[in-house]
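Kindly produce the complete structure, drawing on both the sequences and the hints.
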Amino acid sequence: MTTYAQHPPLLGTRDRLFTRPYTVLLFFAALGIALIAWRFYAGLGASTALTDGYPWGLWIAFDVVTGTALACGGYAMALLVYIFNKGKYHPLVRPAILTSALGYSIAGLSVMIDVGRPWLAWKLPIKVWTWNVNSVLLEVALCIMAYTVVLWIELSPAFFEKFKESGRPWLQSFSKKALKFFDKALIWIIALGMLLPTMHQSSLGSLMSLAGPRLHPLWNTGFLPLFYLITCLAMGYAIVVVESAFSATAFGRKTEIRLLNSLGTFAAYGTLLFVVLRFIDLALRGRLGLLARFDLAGSLFWIETILFTAPLIVLLMKKGNASLGTLLRAAMLVAVAGALYRFDTFLVAFDPGPGWHYFPSVTEQLITVGLVALELAAYVAIVKHFPILSGERND
Amino acid sequence: MSATRDYDNTIAAHLERSGVSRRDFVAFCGKLMVAAPFGLAITNVLDVEAVAAEVGAARRPSVIWLHMQECTGCTETLLRPVAPDLATLLFDVISLDYHETVMAASGSDAEAALNDAMKANDGKFVLVVEGSIPLKDNGQYLKIAGKWGVDRLNEVAAHAAAVIAIGSCASWGGVQSSGLNPTGATGVDQIIKSKPVVNIPGCPPNPYVLLGTVLQYAKTGTLPELDDQKRPKFAYDRVIHDHCPRRPHFDAGRFAKNFGDEGHRHGWCLYQLGCKGPVTHAPCSTRHFNDIVDAWPIGIGAPCFGCTEQGVGYTIALYETVPIQRPLGPDTYPAVYAEHKGVSPLATGVAGVVGGALVGAGILASKKFDNVGGDSETKE
Amino acid sequence: MDTDRRSLLKSLATAATMTVVSTPAIARERRKAPADAVALLYDGTKCVGCKACVVKCKETGGLPADVDGYGGGLYDAPEDLNESTRNIIKLVKDGEETAYVKRQCMHCVDPACVNACMMGALGKRQYGAVTWENNKCIGCRYCQVACPFGVPKFQWSKTSPRIVKCDLCVDRIAEGKQPACSEVCPRGAVIFGKRDALLQEAHRRIDEDPDLYVPKVYGETELGGTQVLYLSHVEFGKLGFRFSDDKPVPELQRSVQHGIYKGFVAPLALYGLLGAVMFRNRRSEDK
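Chains as they are written, first to last, in my numbering: chain V, 1 to 395; chain G, 1 to 380; chain R, 1 to 287.
Do not take every clue at face value.
To be verified - DMTMM-like cross-link-like pairs, simulated, lysine to aspartate or glutamate; straight-line CA separation at most 20 Å:
(1) Lys123/V / Glu133/R
(2) Lys93/R / Glu339/G
(3) Lys219/G / Glu111/G
(4) Lys195/G / Asp227/G
(5) Lys88/V / Glu285/R
(6) Lys238/R / Glu339/G
(7) Lys318/V / Asp370/G
(8) Lys247/R / Asp351/V
(9) Lys341/G / Asp351/V
(10) Lys238/R / Asp351/V
(11) Lys254/V / Asp370/G
(12) Lys176/V / Glu165/V
Hints listed in this document are in silico derivations from the structure and should not be mistaken for laboratory results.
Note that the coordinates shown come from a computational prediction; the quantities given were computed from them, not determined experimentally.
And the structure:
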């Protein structure tokens with residue numbers, strides 16, 4: 001297995017943490033936290049636009065479902081590096097794991113804010129005898145909980161590498177022992193870190209199929225798990241491209257443009273596969289006729305298709321030699337396409353009947369923005385203090 | 001002699017002395033309970049015996065009744081209940097110390113009676129005003145006993161404990177205030193600002209509303225809860241439309257279209273004939289007139305013209321239909337697909353701004369990297 | 001390395017095909033109503049819209065009046081089922097044709113909400129009634145997403161919100177009484193009894209009066225069958241019953257999930273495979 005000896009991560013960036021942009025992030029994060037307090041004081045009815053017709057809204061569709069898909073960078077990179085043994089991508093793994101760990105933690109926090117009685121969440125992993133094993137949501141919830149823990153464990157070597165240089169002897173020896181343990185056990189932890197997202201990212205897809213006849217046939221299919229899995233991997237690679245480009249530039253590093261080109265190409269092929277399979281699925285179910293209708297559902301389907309295929313066209317035209325700007329645009333397209341697909345499944349394809357309307361309230365939106373800001377702020381803080389990024393400095 | 005002043009001045013005692021039968025008194029209290037089932041302290045008890053006890057224990061309130069620009073209909077409504085005993089009863093329950101229509105005295109004797117009554121009950125009597133007060137041209141369009149009406153009102157009100165404006169004229173000007181209002185007819189509460197004023201509009205109003213208010217004041221010293229137009233809530237909190245016996249016909253869409261047609265004979269809803277019930281706050285639908293059941297306009301097939309409501313009565317044409325402010329039908333049954341909370345335009349706007357900002361920032365940021373990699377650089 | 005990629009893709013493909021293959025098998029094993037299944041039969045032709053059942057349900061359940069509209073709207077006149085209304089009468093107007101329809105939980109034979117609920121707060125319990133238990137609910141609202149009739153309602157205004165829906169008055173049934181609504185109905189429009197007996201009665205009424213009734217008992221097989229049955233003189237679609245397919249709602253998702261996760265074989269196999277591949281990769285590196 002490729003070790004970090006070949007690509008030593010640098011110990012933080014020694015840059016100042018509280019820059020102007022950083023303070024802006026903190027402002028939005030603080031605003032989000034204040035609004036979360038208000039949500040608990042005033043109740044869900046007063047702070048959100050959620051209703052009995054639309055019980056799931058922005059926080060589920062974006063924060064949890066899209067957020068975890070965008071946090072699949074760690075999963076996608078782990079597959080590439082540890083299963084397909086492409087060691088050259090190794091430097092991109094640790095930052096991807098960090099993004100994933102933070103992304104899943106924020107998604108978990110969003111769930112706690114969204115459910116009616118978050119203080120009972122402890123019952124889920126503990127009270128095994130009450131589990132309804134038929135519930136897809138149970139599997140999703142347990143897998144996400146477990147995966148979040150696994151991600152932080154996978155990331156912990158970065159923390160221990162710094163702690164073993166610390167002044168405190170007990171911390172030093174503990175860190176050294178931990179790192180030795182990880183050397184042997186990491187395989188089985190990483191394997192778990194690939195099993196768990198395979199399970200729950202696909203199950204996130206099948207969640208909405210329980211809406212049955214209330215889910216629009218353009219989205220409702222038995223292949224939802226497969227579709228969600230493919231798109232989450234594509235989104236994972238796309239996010240790694242985005243995150244590497246910005247981190248490298250923000251923290252003064254050379255970008256590994258060749259690697260990023262490859263990742264972008266994987267993402268693009270993934271989306272092509274998804275689009276093709278989707279059309280095949282529609283044909284098999286005899287629903288191709290729905291595409292001729294340009295109602296809201298039909299139009300959004302076409303928009304999704306365009307957003308999913310455009311990146312591939314762009315990248316194929318550049319024949320693996322795209323500039324970083326092009327790569328970024330393609331990656332962002334993939335991310336937006338995947339996000340739109342998820343929004344559509346959960347909010348647009350879901351039809352509770354006439355008379356029900358939903359659009360996220362200002363509070364819901366600001367809390368989401370605040371949580372993303374919190375995640376970005378945490379990312380920057382950790383990157384600046386722990387050995388996450390590697391590669392040559394750009395000075 | 002002071003000894004004569006010590007006699008029991010409660011209503012119960014006075015009724016006994018006047019020889020009014022207990023049965024008639026209890027019947028009167030029953031009517032009061034029907035007229036004011038809630039919102040009055042004296043009827044906030046369980047049975048009619050309890051009301052009788054409450055009312056009986058009250059001291060007979062001294063009432064001074066002034067007439068301004070009026071038709072005397074409000075007085076007539078008090079005197080015209082079918083049972084003549086009741087009229088007598090009224091004058092035993094309240095001590096009507098000055099009333100130009102019914103008092104025996106006239107001329108300077110009448111004025112002396114007024115002054116005596118004011119002195120004897122200074123600060124304690126209830127002033128009831130009937131009729132509107134003209135204010136135009138210094139109030140010269142009404143002169144009583146050598147004084148302008150407005151001055152007379154101010155003088156007497158200064159000594160009153162509370163003022164009740166009975167009838168639409170005293171409440172807001174009534175019929176004289178409609179159209180050009182040549183006399184500048186005004187309601188009492190626009191003139192008297194320093195004393196509590198209760199408006200009991202109607203043309204005429206229901207006498208039991210007046211009695212309930214006065215008796216409450218006599219027993220507890222408080223006035224009933226009033227709305228923003230100073231009308232007692234226990235009688236004026238609902239519009240006729242919300243308490244009309246013909247409402248099921250409205251809900252079912254059955255209307256009389258012409259007087260005497262089949263619908264009219266069947267007693268169907270009078271809305272299309274111009275009934276102002278939907279915009280008129282009044283107690284008439286449950287408290288009928290002259291103690292006769294169904295003796296009220298809609299009850300006899302005449303559409304309500306909104307006599308209590310300023311801006312409606314004597315203002316909107318009789319056969320003109322009015323808009324209905326309440327949520328419409330089916331009023332009593334939800335539809336198969338109910339309409340729920342809509343989308344907030346503000347939220348949509350915020351989302352647009354946030355989304356647009358993110359997309360714009362993404363594109364702009366990516367442009368900065370256009371010169372990194374690609375055909376512009378050679379790679380290892 | 002090609003072999004590893006191939007085997008990984010193969011296991012994904014197997015999972016996908018298994019779902020397609022196993023679906024028809026699962027369809028054959030459709031759930032049936034339990035042996036002690038009770039039911040309500042609502043005959044829309046007898047209902048007069050008096051709403052005695054709505055009132056009695058609120059009383060029996062100790063639910064508060066709907067006062068949101070008061071002062072500008074109507075007092076205790078809910079527009080729909082909600083957090084304080086578990087049973088409602090709606091008016092159907094179709095030109096000159098009118099009908100009333102009683103809406104409450106349908107107590108499905110194969111309930112989507114029960115399938116959804118993570119901790120088993122919602123369960124199909126005694127007499128086949130679908131009931132909700134307070135101490136198991138986390139408030140995730142997946143049941144609201146699942147129910148095709150839009151029945152479970154959430155207490156959006158409360159700090160510790162509950163799910164509110166009809167429970168078929170199981171407590172009363174256990175005491176030998178009837179559900180409150182069927183007991184109080186002055187015209188016998190809604191009656192209570194064993195599901196089989198009520199189905200027989202419903203068909204008997206249709207046979208006796210074929211010009212009056214729509215020739216279907218809604219709930220007999222729709223969405224897998226329900227324990228609240230409907231007779232009507234108006235098309236069921238107009239009454240707000242949007243779906244008439246016989247397939248139970250949880251069927252697709254359940255067949256996909258079972259196909260992939262049956263016996264937990266696939267996840268364990270995948271884990272083993274991933275571990276084995278990484279182990280081999282590391283060993284070839286160390287050489």
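Exercise. Can you give the numbers of the hints that this structure goes against, from lowest to highest?
Worked result: Violated hint (a single one): 3; every other hint is consistent with the structure.
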